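Chemist: For reference, the chains in residue letters:
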Amino acid sequence: MIDREQVLHVARLARLRLSEAEVDAMAGELSGILEHVDRIGRLDLEGVEPTSHVVALENVLRSDDAPWQSLPREVALASAPEPVDGAFRVPSPQAD
Amino acid sequence: MAGLLDLTALEAQRAMAAGELDGAEYAEAWARAAAGDELNAYLWRPGEDDGGEAIAVPEPRTAPIAVKDIFCTEGVPTTAASRILEGYRPPYTATSVRRLLDAGAPILGKTNMDEFAMGSSNENSGYGPVLNPWDRGRVPGGSSGGSAAVVAGGLAPWSIGTDTGGSIRQPASLCGIVGLKPTYGAISRYGMIAFASSLDQCGPLTRTVADAALLLGILQGRDPLDSTSIGIEGGVELPEREDLSGLRFGVPGDLAREGVEPGVREVFEATLGRIQELGGEIAEIALPNAEHGISAYYVIAPAEASSNLSRYDGVRYGVRAGGGRDLIEMYESTRSQGFGAEVKRRIMLGTYALSSGYYDAYYGQAQKVRTRIAEDFAAAFEQVDFVVTPTSPSVAFGLGEKTADPLSMYLNDFFTVPMSLAGIPAISIPGGLAEPAGGGPKLPVGFQIAAPAFAEQRLLDAAHALERAIGFDARQEGL
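So the protein sequences, as listed, match chains H and B.
Take any residue in the first sequence, note its place counting from 1, add 645, and you have its number in our numbering.
Take any residue in the second sequence, note its place counting from 1, add 546, and you have its number in our numbering.
To be clear, the hints were calculated from the coordinates, so they are not data collected in a lab.
Keep in mind it's a predicted model, so treat the numbers as computed, not measured.
It cannot be assumed that every hint is accurate.
[Stated by the list, open to error] Which bits of chain B does chain H cover? Going by a derived footprint, with three or more residues having C-beta under 8 Å, they are:
no. : region
1   : 772 to 782
2   : 842 to 855
3   : 894 to 907
4   : 912 to 924
[What the hints assert, rightly or not] Reference excerpt, derived from the structure (chain H facing chain B, CB under 10 Å, subset only):
no. : residue
5   : H654
6   : E667
7   : V682
8   : V693
9   : V729
[Unchecked claim] A partial selection of chain H residues facing chain B, derived with a Cβ cut-off under 10 Å:
no. : residue
10  : I647
11  : V652
12  : R657
13  : L658
14  : E674
15  : H681
16  : A711
17  : A721
18  : L722
19  : S724
20  : A725
21  : S737
22  : Q739
Ideal placement from N, C-alpha and C gives every residue a C-beta, glycine not left out.
Please model the entire structure based on the sequences and the hints provided.
Modeler: See below:
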């Protein structure tokens, strides 16, 4: 129920590169899982409110004037694969 | 030495407070025990390298503890058992761990787990599976397999893990120990590497219910750094109940199904008998939508995971794959090389479920099922104080036995997922031993008790009384 084309499309959205073998395996495995999951598609849930959050909390805020310490820049960059000039260096979005 | 390691965390803490036990000596004894790990349960222990200073506890005031490698520990490797975070040392410490350190609990080490908490057997770790101390050819359960194995295997007196769909309770069941998933919001998630943000919860894995209560008391509380945290009003006291008179325990008729091993069913029924002997009442209740829990969970959790794991892109931390021509190729290479098969599968599932054209049919529908399941529990709790089920449909299964079919692995979570979806607390305590369906030496069977949101005190009190009556002693059972 999910074919190769869909798998490749979803992989692109998820920024995953799958090998040929992985694409085939993934199509089969996802189809199997989705078949099971599909049972909920057949339930009559007309008028039921979806739950996005199980506890009754809304917009928990803090006061604006409490000073908040963020990570110092050098600490934030300490784990970076390629820190450059106080920034995270990445390859250009488009190959020239 | 052996005597020291037999103390529960509570006994040790009391002895330290009374000046009868030297905290540092006690911690040392446990560190030596942990060094004998043959179960691949620890991914890191202090002393293996530098970097433990930020989490050192010079004056222990309670028992040392093992911490699932999903909790950020400043300066100390934190991988979530993934290769994509190999070598990563966080610049900060999770609130849960901070609370343990402030309570005077030294960190014994970081435990192995299923990668990014995705799994029920600890076979999805990027660093090798964890072995069940009861039978090293079998799994300890997952995703907190390492945290369960160290407590059951004499490598730690207690530990913390995380539970999203059963990942504390199921390994506790398979390893014959106590595991508690608190109410969603009881414990801060700050610094706890996110899998599914509306489901993830930190919780204790211990040898006794009293130890679980002690640990919950240390961990719980509202945290300004986690706006989804509430804490448990009134805190948590040590349980003292010795009987169950006046309490009603509901058994969901809908969940009494095929797929439960005969031995598991036997132990479950026997435990119901013990409840009655203690004066508790058993009643059959209905949870009509609970059977759809797995379907809803395996949409919601992967969907949330696909969003949470998008941060692993090789930009700010973790590994980065080289050789890419451009940014997209770098993302794709990094993620494809760094993530294991199950993680990729769930990211794909989640991305699909949230993609345009499918969102309402899958994620929207699953969220409605979630509402129905929460309503089912609310209705049940009008009639009974607790809902009880076997924790897992089977005892510990063999390594490799369920890896061929992802769905068969997912069904391990059948009894635990509904409580996660509803956000209510649930505990697994050892009910006894049973022979596996395929024959062989007996293995632990967990008994699950669920309670209404924030009713942890009542839950722990009841579990404590039942634990006393069951009298399960791992050492006597041949572990």
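Chemist: Hints first: check each against the structure and report whether it holds.
Modeler: To see whether the hints hold, each was checked on the structure:
1. 772 to 782: holds (count 3)
2. 842 to 855: holds (count 4)
3. 894 to 907: holds (count 6)
4. 912 to 924: holds (count 8)
5. H654: Holds: closest Cβ of chain B sits about 8 Å from H654/H, inside 10 Å.
6. E667: Status holds, d = 8 Å.
7. V682: holds (5 Å)
8. V693: holds (4 Å)
9. V729: violated (12 Å)
10. I647: holds (7 Å)
11. V652: holds (7 Å)
12. R657: holds (9 Å)
13. L658: holds (5 Å)
14. E674: holds (6 Å)
15. H681: holds (6 Å)
16. A711: OK, holds: A711/H within 10 Å of chain B, min 9 Å.
17. A721: holds (7 Å)
18. L722: L722/H check passes; min Cβ-Cβ to chain B is 8 Å, inside 10 Å.
19. S724: holds (4 Å)
20. A725: holds (6 Å)
21. S737: holds (6 Å)
22. Q739: At 6 Å from the nearest chain B Cβ, Q739/H passes the 10 Å test, so the hint holds.
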